[in-house]
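Undergrad: Sequence:
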Amino acid sequence: MGFPARYVVAGVASVLAVAVFWLVYTWPVTVQYLPNFKVEYSKGIGKVLQLEVVDETGRPVVFCATLYGWLLNGTFMEIGWRCGKGVINLDKRPLDEYVKHYVNVPGDVGVVVFLTYINGTEDGKPTLARYVTSFAVDPRETPRRDVVKATIKVKSRGAPQRQDATAKYSLQCPPSQIDERCYAADWYMCYYWKLDYIYDAGYNAQIPIAAIRVLNDYYKYYFLGIRVVLLVREDSYIYFRGSAAIGYKGVSTGYSVDIYTVVLRERKVYLDVLSDLGNLSMPVVFAAGFYGDYALARYKEVEISPLCPSGCETGNTADVYLARPIFQSDGTIKQFVDTDYTPDDEYGLSRFFITANRYWSYSTARDDYFLYLDSIDVEKSVSGTDIFSVGIPWPFKSSIATDGKLMVGIGQIQLMTSYAVAEATLREAYRSTNDVVGRCYTPGVMFDVGDYETRIASLLVDVYTVPQR
Numbered sequence: 035m036g037f038p039a040r041y042v043v044a045g046v047a048s049v050l051a052v053a054v055f056w057l058v059y060t061w062p063v064t065v066q067y068l069p070n071f072k073v074e075y076s077k078g079i080g081k082v083l084q085l086e087v088v089d090e091t092g093r094p095v096v097f098c099a100t101l102y103g104w105l106l107n108g109t110f111m112e113i114g115w116r117c118g119k120g121v122i123n124l125d126k127r128p129l130d131e132y133v134k135h136y137v138n139v140p141g142d143v144g145v146v147v148f149l150t151y152i153n154g155t156e157d158g159k160p161t162l163a164r165y166v167t168s169f170a171v172d173p174r175e176t177p178r179r180d181v182v183k184a185t186i187k188v189k190s191r192g193a194p195q196r197q198d199a200t201a202k203y204s205l206q207c208p209p210s211q212i213d214e215r216c217y218a219a220d221w222y223m224c225y226y227w228k229l230d231y232i233y234d235a236g237y238n239a240q241i242p243i244a245a246i247r248v249l250n251d252y253y254k255y256y257f258l259g260i261r262v263v264l265l266v267r268e269d270s271y272i273y274f275r276g277s278a279a280i281g282y283k284g285v286s287t288g289y290s291v292d293i294y295t296v297v298l299r300e301r302k303v304y305l306d307v308l309s310d311l312g313n314l315s316m317p318v319v320f321a322a323g324f325y326g327d328y329a330l331a332r333y334k335e336v337e338i339s340p341l342c343p344s345g346c347e348t349g350n351t352a353d354v355y356l357a358r359p360i361f362q363s364d365g366t367i368k369q370f371v372d373t374d375y376t377p378d379d380e381y382g383l384s385r386f387f388i389t390a391n392r393y394w395s396y397s398t399a400r401d402d403y404f405l406y407l408d409s410i411d412v413e414k415s416v417s418g419t420d421i422f423s424v425g426i427p428w429p430f431k432s433s434i435a436t437d438g439k440l441m442v443g444i445g446q447i448q449l450m451t452s453y454a455v456a457e458a459t460l461r462e463a464y465r466s467t468n469d470v471v472g473r474c475y476t477p478g479v480m481f482d483v484g485d486y487e488t489r490i491a492s493l494l495v496d497v498y499t500v501p502q503r
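Each residue of the sequence shown is one higher than the one before, starting from 35 at the first, in the working numbering.
Simulated from the structure, these hints should not be mistaken for lab results.
In this text, all values refer to a predicted model and were calculated from it rather than measured experimentally.
Take the hints with a grain of salt, since some may be wrong.
[Stated by the list, open to error] Subject to a maximum C-alpha distance of 30 angstroms in a straight line, what follows is the list of computed DSSO-like cross-link-like pairs (lysine-lysine):
1) LYS228 with LYS134
2) LYS134 with LYS187
3) LYS72 with LYS431
4) LYS134 with LYS283
5) LYS368 with LYS283
6) LYS283 with LYS187
7) LYS119 with LYS159
8) LYS72 with LYS187
9) LYS368 with LYS72
10) LYS72 with LYS189
11) LYS431 with LYS119
12) LYS187 with LYS77
13) LYS189 with LYS228
14) LYS189 with LYS334
15) LYS81 with LYS159
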């Protein structure tokens with residue numbers, strides 16, 4: 035089916051100017067704009083993947099970018115790397131090879147972008163910033179077009195990272211032999227990011243969107259309830275995204291959550307769960323969510339310089355946590371409702387609570403006998419933003435020493451036709467003497483989402499009772 039001559043969908047900005055969403059289709063060029071990136075498809079001479087990086091005002095940025103794709107078998111495929119100012123050109127064939135694996139996914143697939151870029155000057159000398167972001171492409175449209183151009187916006191990352199003497203030297207004094215992928219105009223700059231190792235990966239795993247854990251006072255509850263709906267209607271879309279913890283030589287860490295793995299734009303109900311659990315006879319985790327794949331990986335920054343022409347590690351790292359859903363033949367997401375009756379061990383659904391307990395902060399809600407928690411209200415309480423957004427910690431393993439504040443997320447900015455709810459009701463015998471309290475977990479850090487920073491709440495809820503006031 036061909037595209038219409040012109041099709042425009044205008045989204046809505048949040049109260050914090052969270053994002054703007056619109057789609058513009060023209061023939062033969064397609065332009066797609068999501069919160070912090072846009073993608074253009076066009077005919078041309080030769081197969082070219084273009085990456086443009088601009089600041090908030092649209093001015094070109096000097097940058098080095100390394101692009102990776104996350105394959106269905108859990109490995110990471112390098113799509114290319116290059117440095118430049120404003121726009122770089124890469125061979126498009128690796129991108130075409132990557133998206134071939136996703137032609138049956140009913141949505142756009144993400145490309146992870148590791149950036150090292152000029153972030154102003156200090157004492158007249160350029161300083162650097164690092165950021166992990168992404169763009170998403172249509173796996174069906176991409177191979178049909180000669181040119182795919184992705185534009186990413188970055189902002190000043192606040193106080194610039196101070197460079198050591200070697201970095202400042204290399205920015206000003208290029209080597210005698212310059213790799214064509216390096217930048218050597220106003221000054222010399224040459225960085226790329228390499229995969230170091232994969233901490234952990236899971237396939238067809240249960241990933242909870244909403245979960246309730248009850249421990250010692252399980253006998254006081256009449257029932258637990260969960261409701262999750264992922265629905266695209268009219269001018270909206272649903273995104274699955276990951277996060278990155280960027281470590282600067284072990285001294286400081288910055289967090290980003292602008293890494294899209296799948297974007298769903300087709301109008302349909304992708305997931306619909308309504309379930310309750312009554313007659314509790316023992317401690318339990320009661321959860322609903324989706325079957326999906328996840329990966330935890332570490333990347334290291336490498337610099338090519340006069341002192342290290344073959345490339346040396348800078349000491350900067352990026353730990354990345356990604357997740358994506360598994361789709362059924364009708365294009366809906368494979369969903370689950372399940373219980374885990376060993377809620378404090380390192381197996382099953384309890385692993386997500388262990389990570390949240392150890393590394394995340396929390397807020398509490400209290401009611402006399404019936405506790406009702408809506409994901410939109412919970413998110414607004416921690417970020418002040420009225421959107422659907424749910425964070426999910428990585429499943430704990432004692433052997434993994436990655437950053438516990440990492441999370442994957444599901445969100446929807448427009449219309450908010452998607453939501454998640456968790457509720458708990460006490461038995462009649464305890465309603466006059468006990469209140470029920472819910473503890474909702476959120477990473478204790480601010481995540482960079484491109485245009486702004488925010489906190490992202492989960493709907494993993496520990497419920498317990500306290501005497502009435």
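Undergrad: Give me the numbers of the hints this structure contradicts, sorted from smallest to largest.
TA: 3, 4, 5, 11, 15
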